[in-house]
Amino acid sequence: MKPAPFDYVAPGTLPEALRFLADEEREVKVLAGGQSLVPMLNMRLARPELLVDITRIPELRTLDVEGDGALRIGAGVRQAAVAVDPAVSAGWPLLTEAIGHIGHPQIRNRGTVCGSLVHHDPAAELPTAALALDARFDLSGPAGTRTVDADDFFLSTFLTALEADEIVTSVRFAAQPHRTGWSFEELARRRGDFAAIGVAVLLTRAEAGGVDRARVVFCAAGSRPLRLPEAEDALLAAEGPERLDDAFAAAGAAARARLDPPSDVHADAEWRREAAEILLVRACNRAWERTR
Amino acid sequence: MTDTTEARPDPLPSAAPPLSEPSSWHELHLTVNGRPIRAQVESRLLLSDFLRARLSLTGTHVGCEHGVCGACTVLVDGEPVRSCLTLAVACEGASLRTVESLADEEGQLTDVQRAFHEQHAMQCGFCTAGFVMSCTAMVEAPERPAEDEVADQLSGHLCRCTGYRNIRAAVEQVLDDRYGKAGEEK
Ligand SMILES: Cc1cc2nc3c(=O)[nH]c(=O)nc-3n(C[C@H](O)[C@H](O)[C@H](O)COP(=O)(O)OP(=O)(O)OC[C@H]3O[C@@H](n4cnc5c(N)ncnc54)[C@H](O)[C@@H]3O)c2cc1C
Ligand code: FES
Ligand code: FES
Numbered sequence: 008m009k010p011a012p013f014d015y016v017a018p019g020t021l022p023e024a025l026r027f028l029a030d031e032e033r034e035v036k037v038l039a040g041g042q043s044l045v046p047m048l049n050m051r052l053a054r055p056e057l058l059v060d061i062t063r064i065p066e067l068r069t070l071d072v073e074g075d076g077a078l079r080i081g082a083g084v085r086q087a088a089v090a091v092d093p094a095v096s097a098g099w100p101l102l103t104e105a106i107g108h109i110g111h112p113q114i115r116n117r118g119t120v121c122g123s124l125v126h127h128d129p130a131a132e133l134p135t136a137a138l139a140l141d142a143r144f145d146l147s148g149p150a151g152t153r154t155v156d157a158d159d160f161f162l163s164t165f166l167t168a169l170e171a172d173e174i175v176t177s178v179r180f181a182a183q184p185h186r187t188g189w190s191f192e193e194l195a196r197r198r199g200d201f202a203a204i205g206v207a208v209l210l211t212r213a214e215a216g217g218v219d220r221a222r223v224v225f226c227a228a229g230s231r232p233l234r235l236p237e238a239e240d241a242l243l244a245a246e247g248p249e250r251l252d253d254a255f256a257a258a259g260a261a262a263r264a265r266l267d268p269p270s271d272v273h274a275d276a277e278w279r280r281e282a283a284e285i286l287l288v289r290a291c292n293r294a295w296e297r298t299r
Numbered sequence: 587m588t589d590t591t592e593a594r595p596d597p598l599p600s601a602a603p604p605l606s607e608p609s610s611w612h613e614l615h616l617t618v619n620g621r622p623i624r625a626q627v628e629s630r631l632l633l634s635d636f637l638r639a640r641l642s643l644t645g646t647h648v649g650c651e652h653g654v655c656g657a658c659t660v661l662v663d664g665e666p667v668r669s670c671l672t673l674a675v676a677c678e679g680a681s682l683r684t685v686e687s688l689a690d691e692e693g694q695l696t697d698v699q700r701a702f703h704e705q706h707a708m709q710c711g712f713c714t715a716g717f718v719m720s721c722t723a724m725v726e727a728p729e730r731p732a733e734d735e736v737a738d739q740l741s742g743h744l745c746r747c748t749g750y751r752n753i754r755a756a757v758e759q760v761l762d763d764r765y766g767k768a769g770e771e772k
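These protein sequences, in sequence, are chains A and B. Using the working numbering, read the first sequence as starting at 8 and increasing by one per residue. Using the working numbering, read the second sequence as starting at 587 and increasing by one per residue.
For reference, chain B alone in the conformation it holds in the complex:
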């Protein structure tokens, strides 16, 4: 996890207008990985670039920048969304989670991360942070998601290396662990 609490400064004047006034830059308040953040951002700044360039959270990858590949997926108020299709300013007041929030300070992996490791659900790893974030949201649901819902979530991510089978196996491993095997009560 990074120690960043204040975003890197932007070469903008210091009194930022509120969101209710049209401006090319705004003061933004949000929570990223549990830490409150205050930052001045340009209106056109994408959330993906805010995370990577201003907060140095480079675990979130950027592939296509038009919503197709899913590499940039992060959780906004618990829901997986494309950070390349979200303006940073539109996240005022939101609570964000990125891949950096998963493993703890000692490097202890979450069950989703561990399953990706154990099932060899990655090769080059470019797509992995996105998959892991969507899967994290999925396994936090109160009920076991149906097989079709799993396929639906995974369809929102492209992987050029693995062929998806091992990714599917990793998700199933976590779902079986958390909810019991499909069709069985745990």
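Next comes chain A alone, as it looks inside the complex:
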């Protein structure tokens, strides 16, 4: 349970970090909070030859709301800092709620938001929240910068669109429409465990009372965060407050019918489908209450 030997470097600027990552002679890995990478080093599931610690690069350590109202979280920003940020809980409360489900405070004190997104565990909360919030990723590499939408970023279990010589420098979340309610619901055996199944819901209340816009994204239901258009359509069909319960039930039923989750040691597929239905209805009710 000790890491194999590696070289370590903590550059102070992004260009320097990119230069180290461009080394084609050896296996180089970015180190952020280390809360996923160090367990893998300890178990020798990962044996990089060089670790580039990006948490000492000042320009990556910023969290700000930009001119267009979008939230930008730099790659050096810890999950715990985002969870207590008042601008985040005012404008993107789904993120605040999602982070609250991640492990334990002791993990969130070190783990970064971008690190969780890049690690892309299919049961992780942040990739699911990022897809629900239409996040955009800012990537830097030897060829320059590019921006990737969340839907194109998450490929498969532990796999993203990031190239080995690129760094995610920040993730951006556009301002949410007015009257948008949120909920992140999950079930895990013990507090702090990865979700056995979880769902992020965003509902925007129409002037007339129905649902204007709906987002339903599941975690731990497949090899990446899974958006469920069938459930969203069921929610959009709610014409007024009196028909809401029916719409929520229809969304839940759609989730149960459409999801094809895995069976593993945490739960079997049938249990996950049943739990998905119950969680989605619960999340819809909670999100709706918060649309006021």
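Calculated directly from the structure, the hints in this document are not laboratory data. All residues carry an ideal CB built from backbone N, CA and C; glycine is no exception. Warning: the hint list may mix true and false statements.
Stated by the list, open to error - If you only want the chain A side, here are some residues facing chain B, beta carbon under 7 angstroms, derived:
| id | residue |
| --- | --- |
| 1 | PRO12 |
| 2 | PHE13 |
| 3 | ALA17 |
| 4 | GLN42 |
| 5 | LEU57 |
| 6 | HIS111 |
Unchecked claim - SDA-like, lysine to any residue: derived pairs with alpha carbons at most 20 angstroms apart:
| id | chain 1 | residue 1 | chain 2 | residue 2 |
| --- | --- | --- | --- | --- |
| 7 | A | LYS9 | B | SER610 |
| 8 | A | LYS36 | B | GLU628 |
| 9 | A | LYS36 | A | GLY247 |
| 10 | A | LYS36 | A | MET47 |
| 11 | A | LYS9 | B | HIS652 |
| 12 | A | LYS9 | B | GLN626 |
| 13 | A | LYS9 | B | VAL648 |
| 14 | A | LYS9 | B | SER609 |
| 15 | A | LYS36 | A | GLY19 |
| 16 | A | LYS36 | B | GLU607 |
| 17 | A | LYS9 | B | SER642 |
| 18 | A | LYS9 | B | LEU695 |
| 19 | A | LYS36 | B | SER610 |
| 20 | A | LYS9 | A | ALA53 |
| 21 | A | LYS36 | B | HIS652 |
| 22 | A | LYS9 | B | CYS650 |
Chain B with the ligands: place on chain A using the hints.
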């Protein structure tokens, strides 16, 4: 408290490269329990092993070495973190506190330690240093943490003996003392 100020030497050459140069070893400067420390460390050295093997601060225990049990929790710049998931080199410039920093030279316990003793919040004691460090950070907060936050902090620690009730009681004893009973002003 230990008298260690210099880390035990490592069989490495003496001119260590700065952190801005890739290397398998580095010179590290940090503060542990109020004492400035200078040490040469291998890049792969975990903070838990640095504290235990190089500084002889063996009060920090190591259970699982993958972040699950919480036994190795120490305070880095005031925040509880897993020392088994933190590289020693990543602590350059940081200020660390371990369980050895709590009781004073005469052995006078802190209120958290005393509450653990009075409430029988330990049996074998393997998990205790970790719990005590997270609880120490919690009771230093400007406001009384909500019940749910207490549960959240404690969920980051496994105890195979006590069943957690007495640990909870110990925390509540300190919180009541420091902030007044829940719902009451002190
Ligand atoms: C006990 C325990 C419980 C946990 N529970 C949960 C949970 O319930 N839910 C959950 O979602 N997570 C959980 N985690 C994981 C935690 O959220 C991690 O913090 C997160 O997955 C990784 O973030 P990090 O900053 O620690 O990244 P690191 O561990 O430093 O890096 C993870 C990976 O991402 C790469 N990387 C990181 N940042 C960048 C970047 N900016 N650009 C390019 N590559 C990058 C690294 O090279 C590495 O491959 C848990 C961890 C532990 C130890
Ligand atoms: S030894 Fe660090 S969490 Fe178990
Ligand atoms: S007292 Fe034995 S593990 Fe907690």
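To see whether the hints hold, each was checked on the structure:
1. Hint on PRO12 of chain A holds. Least Cβ distance to chain B is approximately 6 angstroms, under the 7 angstroms limit.
2. Given hint, PHE13 of chain A at the interface with chain B, holds; its Cβ is 6 angstroms from that chain's nearest Cβ, closer than 7 angstroms.
3. A least Cβ separation of about 4 angstroms between ALA17 of chain A and chain B falls short of the 7 angstroms threshold, and the interface hint therefore holds.
4. At a threshold of 7 angstroms, the smallest CB-CB gap from GLN42 of chain A to chain B is about 6 angstroms, leaving the interface hint in force.
5. Interface restraint check for LEU57 of chain A: the shortest CB-CB distance to chain B comes to about 6 angstroms, inside 7 angstroms, so the restraint holds.
6. The beta carbon of HIS111 of chain A is positioned within 7 angstroms of a beta carbon in chain B (closest approach about 3 angstroms), and the interface hint is therefore held.
7. Proximity of LYS9 of chain A to SER610 of chain B is assessed by CA-CA distance (about 15 angstroms); at most 20 angstroms being required, the pair is judged to hold.
8. The hinted pair formed by LYS36 of chain A and GLU628 of chain B meets the criterion: a straight-line CA distance of about 17 angstroms does not exceed 20 angstroms.
9. With a CA separation close to 52 angstroms, the supplied pair LYS36 of chain A and GLY247 of chain A exceeds the 20 angstroms bound.
10. Between the alpha carbons of LYS36 of chain A and MET47 of chain A the distance comes to roughly 12 angstroms, so the proposed pair stays at or under 20 angstroms and holds.
11. Annotation: proposed proximity of LYS9 of chain A to HIS652 of chain B holds, straight-line Cα distance about 10 angstroms (limit 20 angstroms).
12. Restraint check for LYS9 of chain A and GLN626 of chain B: the C-alpha separation of about 18 angstroms stays at or below 20 angstroms, so the hint holds.
13. Pair hint LYS9 of chain A plus VAL648 of chain B holds up; C-alpha atoms about 12 angstroms apart against a cutoff of 20 angstroms.
14. Between LYS9 of chain A and SER609 of chain B the alpha-carbon distance is near 18 angstroms, which keeps this suggested pair within the 20 angstroms criterion.
15. For the hint pairing LYS36 of chain A with GLY19 of chain A, the CA-to-CA distance comes to about 16 angstroms; that is within 20 angstroms, so the pair holds.
16. Among the hinted pairs, LYS36 of chain A with GLU607 of chain B is consistent with the structure: their alpha-carbon atoms are about 15 angstroms apart, no more than 20 angstroms.
17. Restraint check: the Cα-Cα separation between LYS9 of chain A and SER642 of chain B comes to about 18 angstroms, which is no more than 20 angstroms; the hinted pair holds.
18. Proposed proximity of LYS9 of chain A and LEU695 of chain B is contradicted: the alpha carbons are some 34 angstroms apart, above 20 angstroms.
19. Restraint check for LYS36 of chain A and SER610 of chain B: the C-alpha separation of about 14 angstroms stays at or below 20 angstroms, so the hint holds.
20. Between LYS9 of chain A and ALA53 of chain A the CA atoms are separated by roughly 11 angstroms; this keeps the pair inside 20 angstroms, and the hint holds.
21. Distance check on the hinted pair: LYS36 of chain A and HIS652 of chain B sit about 19 angstroms apart at the alpha-carbon level, within 20 angstroms; holds.
22. A hinted pair counts as satisfied when its Cα atoms are at most 20 angstroms apart, and LYS9 of chain A with CYS650 of chain B qualifies at roughly 11 angstroms.
Violated hints for the displayed structure, listed by number in ascending order: 9 and 18.
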